[in-house]
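Since the structure of chain A is already known, use the hints to place chain B on it.
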Amino acid sequence: MTLVISLMKILIVTVTLLLIIAYLIYFERKVIGYMHVRIGPNRTGPRGWLQSIADILKLLIKEIIIPSSADRFLFLVAPLLSLVPALAAWAVIPFSESFIIADIDAGLLYLLALTSFGVYGIILAGWASNSKYAFLGAMRATAQMVAYEIAMGFALVGVLMAGGSLNLGVIVESQSGGVLNWFWIPLFPLFIVYFISGVAETNRHPFDVAEGESEIVAGFNVEYSGIAFGIFFCAEYANMILIATLTSIMFLGGWESFFAGTSFLNGTIFEVITEPNIFWLAVKVSIFLFIFFWLRASLPRYRYDQIMKLGWKVLVPITILWIGVEGAMYLAHIGPWKIT
Amino acid sequence: MTIKHIIKTLTLTDIVKGLVITLKNFFTTKITVQYPEVKTPLSPRFRGKLALMRYDNGEERCIACKLCSAVCPAQAITIESEEQTDGTRRTTKFEIDAFKCIYCGFCEQACPVDSIIETDIFEYHMTENEQRIQTKEMLLKTGEDFRERTLTNKIKDAQYK
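The listed protein sequences correspond, in order, to chains A and B.
Per this note's numbering, the first sequence starts with residue 1207, numbered consecutively.
Per this note's numbering, the second sequence starts with residue 587, numbered consecutively.
Pulled out of the complex, with its shape left as it was, chain A reads as follows (with noise of 0.2 Å):
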């Protein structure tokens, strides 16, 4: 029986995740386009809400055509292996108090190195495709989320030390109480590093350097066609949301209401709206991926060696100071953590 509903639970997660992504990437189009005071796709269907089904459509119908030079298996391989990491960290999010596939207590640890598992689909891509383009973008690629991982690791043992515990929803109940607890005020530098890096992780602008169209064409994905391709596509905003998520769940509060804890509002109808909720969460993953798109529609390309430049040399001593800085907050009993 629980086997029928974990299997339920996995399908209603992962056909709703690659609906929102199909969205997503309308809503990213919509959002860039309104930012460069265009309007954005609006022809196909009503709006433009058929964009994203045509584009699936147009890359299932296209030919996936594999280089004479590639080596084969792992060329196919790559697209899923970094789909695969992808959809899979998605078991260990609660998206509410029970709504959740597999609800282990080294649920951080899990993530972390499953986020740190795409890059091998990429490395592979890259050195499947057999060609120089692909493989600068991979080598760029590994060495940019490689050194990413790690600002992102420790800004994730900060949230670790504030919640006590790797289990998701546990960090979340211990950011109950209001918007004042939530990790996002105590673990600021945190929070934005967490969530530069997280950019840095997906390969996204400004630190896109991996496709970087300019240099090296498309970079890892440069010999991927059809579907093979929109696989990588697919893996990439999968990531994205799975950061967003990620950010919404250990700095603010996952689905605990912006409204909670405010005292005024009891009694009256709106007293509904303190209370926790998946809807809590969907807002603020959304708050998020908008960010990703203002981002993407502000900012030009980093350099190459000013990305590493700011990994190594500013985000990992950031989250390192912030660390001590939070070991002495929690000996002068400053901070909202439950002290046991």
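By construction, these hints were calculated from the structure, which means they are not laboratory data.
Computed from a predicted structure; not experimentally measured.
A portion of the hints provided could be inaccurate.
With a straight-line Cα cutoff of 30 Å, these simulated DSS-like cross-link-like pairs (lysine-lysine) come out [to be verified]:
1) A:LYS1519 <-> B:LYS590
2) B:LYS625 <-> B:LYS742
3) A:LYS1264 <-> B:LYS616
4) A:LYS1515 <-> B:LYS603
5) A:LYS1519 <-> B:LYS594
6) A:LYS1236 <-> B:LYS616
7) A:LYS1236 <-> B:LYS603
8) A:LYS1515 <-> B:LYS594
9) B:LYS603 <-> A:LYS1519
10) B:LYS679 <-> B:LYS635
11) B:LYS727 <-> B:LYS679
12) B:LYS635 <-> B:LYS652
13) B:LYS722 <-> B:LYS679
14) B:LYS652 <-> B:LYS722
15) B:LYS740 <-> B:LYS727
16) B:LYS625 <-> B:LYS740
17) B:LYS625 <-> A:LYS1236
18) A:LYS1515 <-> B:LYS722
19) A:LYS1236 <-> B:LYS610
Frame of chain A; chain B shown alone:
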């Protein structure tokens, strides 16, 4: 790396400034022109598809002087001529290769009898390779079909020439 610089970069001041600008644009009125339904205004001097004109009595203007063909930088115009029964010189072949034509308008300026002119038509296409050759008949037909519109444009533009 002064202290000021370090503070400026760590607080992400410049990035926030940039983000504010894009957010302002996000809420401004969009300037997109929904092309097939809405069109941008065209200047009367717009140089589009070429056409051959006739006199009001229906006689062809072209006298086969071949000045247009000579001035054409893309060498898109091919002309062959013969003496007609009434003693006038007329073209027997007047062809423009639409793929070669660069719409520079030199032919129009060179023409002593205002025979070859440029209309303001820019929305046309061909589906087969051989359709790129605009024959004399086709050019004359374009001239007739869009006569009024083209003449209005030429009159409007004349005062600025």
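For a quick check of understanding: which of the numbered hints are violated here, in increasing order? 18
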